[in-house]
Amino acid sequence: MYPRSFVVNMTLPKNLQEIVDDFASMSREEKLETLIAYAESMPDLPERFQEERAKMEAVPECMTPVFLIGEKDSNGAIVFYLDIPKQSPTVRGLASILTNGLNGCSLEQILSVPADFYLPMNLQEAVSQQRLNGFMGVLAHMKQVAVKLAAG
Amino acid sequence: MSYAHPEYLVDTEWVAQHKDDPTVRILESDEDPLLYAIGHIPGAAQVDWFSTLQHPLRRDFLTKEQFEEVASKLGITNDTTVVFYGDKSNWFACYALWLFQYYGHQNVRIMNGGRAKWEQENRPLIKDVPSFSATSYKAKEADKSIRAFRDDVFKQIDAKKPLVDVRSPKEYSGELLHMPNYPQEGATRGGHIPGAASIPWAQAVNEADSTFKTAEELKTLYEGKNIKPDGEIIAYCRIGERSSLTWFVLKYLLGYPTVKNYDGSWTEWGNLVDAPIEK
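Protein chains in written order, with our numbering: chain P, 2 to 153; chain R, 741 to 1019.
Chain R with its partners taken away, still in its complex shape (with noise of 0.2 Å):
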């Protein structure tokens, strides 16, 4: 068995071999914002999943408009491959695809195993900031058929439709409200949405350098947990990265038809007057 879209990954060393390809754009999405900055994959320039994609007053992401102004900046044209990695097994590299993806961007790819493999194998990792001529990106109209709002998600419980929580095991049961000199970030509840199933992200990669299991290991991880081909999916987790991973894995690995990616997630739910909890 093999992945169900694996053009949808390539390895370091076509990165590697790709750096100076003008028709391929290298794209750093790390949690950690400075990481670019102490160094880098030639080449690879920085889209930040707070500064870069955010929406800049509201809780939202970037407006059709701003992000075909930060995908010009980037001299990416609408037939650019872009390849992603990042820091934490690709959390915010697959948060950053995801939403490509949104507005349209087809051509986009992960670097299986992120920053740690490509540090891992020694690669080089340098300081200098690319820049590009500008282009005139033209992005498509956002394809919310990839993510879920809370009104999808109130759907989804009463239609008994899966949801799968991808935050570890104390975040799921609501116990890590009680964390020691952590102040929550953002959620006064604790617990889960009713009826989702408890798939931590991190089952889906290799602890030892990042890069994502088998196909095989991946379906009887997600089919195990009654999370099958046939169901419309959303997921979710804190802010919306570490399941943008999840959708990433289901959608493309497995191959999944319908999945979306809740990135209001926990600091909403968890907010949000009059749902439901279960813990």
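Extracted from the complex, chain P is given alone in its bound form (with noise of 0.2 Å):
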């Protein structure tokens, strides 16, 4: 199960804390500007995935479609992959920002990141809360997968 030491431990995994701090210093138009880099940053998802892909169940209309799936690298750290539609950048460039933190962390490094680690970022300002919530969502999402490639 969770180590209980994530409920305390507030420090981030080193690629996302400094993603956080980049945040934390931009303007409201760097933010957005930022935020497309990253939607446009994302790699396709690999073919060995396709199959996978094909079977993910499709999601209430208002939501955009979010895949994710990981795998454990040969050092045993976790990395993750997604497919989300290119007519959805600010889904894109979100959990973009989570890929970018977060792929290469081992298990533990992945459950201590807290469900509110953006709020220094101030993207509120820039996006909706719906939106963060989402966001809130792909993290938690990410937690179980690993939760589930740390137990395989």
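Incorrect hints may appear among the rest.
Claimed, not checked - Computed, partial: chain P to chain R, Cβ under 8 Å:
#: 1; residue: L33
#: 2; residue: T35
#: 3; residue: L36
#: 4; residue: I37
#: 5; residue: A38
#: 6; residue: M43
#: 7; residue: P44
#: 8; residue: Q88
#: 9; residue: P90
#: 10; residue: T91
#: 11; residue: S129
Stated by the list, open to error - Here are the simulated EDC-like cross-link-like pairs (lysine to aspartate or glutamate), alpha carbons at most 16 Å apart as the crow flies:
#: 12; chain 1: R; residue 1: K867; chain 2: P; residue 2: E41
#: 13; chain 1: R; residue 1: K867; chain 2: P; residue 2: E34
#: 14; chain 1: R; residue 1: K910; chain 2: P; residue 2: E41
None of these hints come from the bench; they were simulated from the model.
Keep in mind that this is a model prediction, so the values were computed, not measured.
We put the beta carbon where it would ideally sit given N, CA and C, even for glycine.
Bring the two chains, given one by one in their own frames, into a single complex with the hints.
What follows is the structure, encoded as structure tokens:
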């Protein structure tokens, strides 16, 4: 089960901390531009996951379908892959922040990220709270995927 | 049978031909606020439902004075033809159009098919953001005849007048509260307003190119669910964006005289203490 320490451990993984610090110092316009850059830099889903992708259930219409899958690399670290429509750059950008910040981390590091880690980024001046709820949803989903990978 | 007010629709070709027309302002309004920056119709400006059109503090739209400021910055005069388009079959384009009408701007259009159709036709999308000479726009007092507040909804229920729930079937039935991995977006209870007919907004548009269905198809759809021209209708969804599309369809494509959009929608009703709910 989850290590209890994640509740009190507020140290973010290094890459994620750097992204949070970057955003904290940006103007609203810079935040939007940076989110677009993250959205555009998201790599296409590797071919080996396409079969799994095809099994994904449709999501209700006002949500963006977020396909997320993870695997362990040769060092046992966790790497996430995403597939999100290009017509949803905001969701792509936010999810891409998470993969950039968390790929290569251990299960413990991923579980240690608090759900409100993004508050210092001051994203609420750029995107609506509903988007940020979705952002937290993607993080929660990543934690579940990571737990399963670690167990398997 | 044709649309009751076909003048409220323009097609993509009309927009392409009027992109430099000084009497026309093209506005993109999307669900995803970053889409405009990635590429938009040449000459189009952006209005974002969240950062442009919402009141900065309260859960409400801009005040009349704030709306005047936004319209003036966009170089809109009281005579400008304002054309809206956007993603997701024009949900938020209809939302923005509705708000412009709320403040009395009559000369409004929807580009039929929205962004999706424009892209399908391989028409150009550019990143240049246009600038306009500011005007001094004068808004009218808010037109409450097109906006329902929660008290209007209580009265509607008591009077057994028609309500249209335009959300997806699972939102209507209340099942959506149990979606895995996605925190609910702001409602503590699931279900629908008692007596509301379920007519998902998407049934009013063609999936292939996001254009509106024909007048015959729309008449069959709504009248088949007992939503008739003589009813005083209130439409709602989750935050009022999808229902503004239904509002547009009922008011302008079918010509129903009395239609209101309840923008509080489920994120208000599903949190409101003592409000009746059906599942």
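Is the hint on S129 of chain P kept, meaning its closest Cβ partner in chain R is under 8 Å away?
holds, 4 Å
Evaluation of the interface hint that places T35 of chain P against chain R, nearest CB under 8 Å
violated, 11 Å
Go through the hint on L33 of chain P and say holds or violated, using the shortest Cβ distance to chain R against 8 Å.
OK, holds: L33 of chain P within 8 Å of chain R, min 6 Å.
Please verify whether K867 of chain R and E41 of chain P have alpha carbons no more than 16 Å apart.
holds, 15 Å
Should the hint that M43 of chain P touches chain R count as held when the rule is a Cβ pair under 8 Å?
Violated: closest Cβ of chain R sits about 13 Å from M43 of chain P, beyond 8 Å.
Hint validity - T91 of chain P Cβ closer than 8 Å to any chain R Cβ
holds, 5 Å
Hint check: 8 Å Cβ-Cβ cutoff, Q88 of chain P to chain R
holds, 6 Å
For the restraint on I37 of chain P, tell me whether the closest CB of chain R is nearer than 8 Å.
holds, 5 Å
Does the structure keep K910 of chain R and E41 of chain P at a Cα separation of 16 Å or less?
Cα-Cα ~32 Å, so violated.
Is the interface hint for L36 of chain P satisfied, with its Cβ closer than 8 Å to some Cβ of chain R?
This interface hint holds because 6 Å falls under the 8 Å limit.
With a cut-off of 8 Å, does the beta carbon of P44 of chain P approach a beta carbon of chain R closely enough for the hint to hold?
This interface hint is violated because 17 Å lies over the 8 Å limit.
Mind checking the CB of P90 of chain P against every CB in chain R and telling me if the closest is under 8 Å?
Given a least distance of 4 Å, the restraint on P90 of chain P holds.
Checked against the numbered hints above, the structure violates hints 2, 5, 6, 7, 14; every other hint is satisfied.
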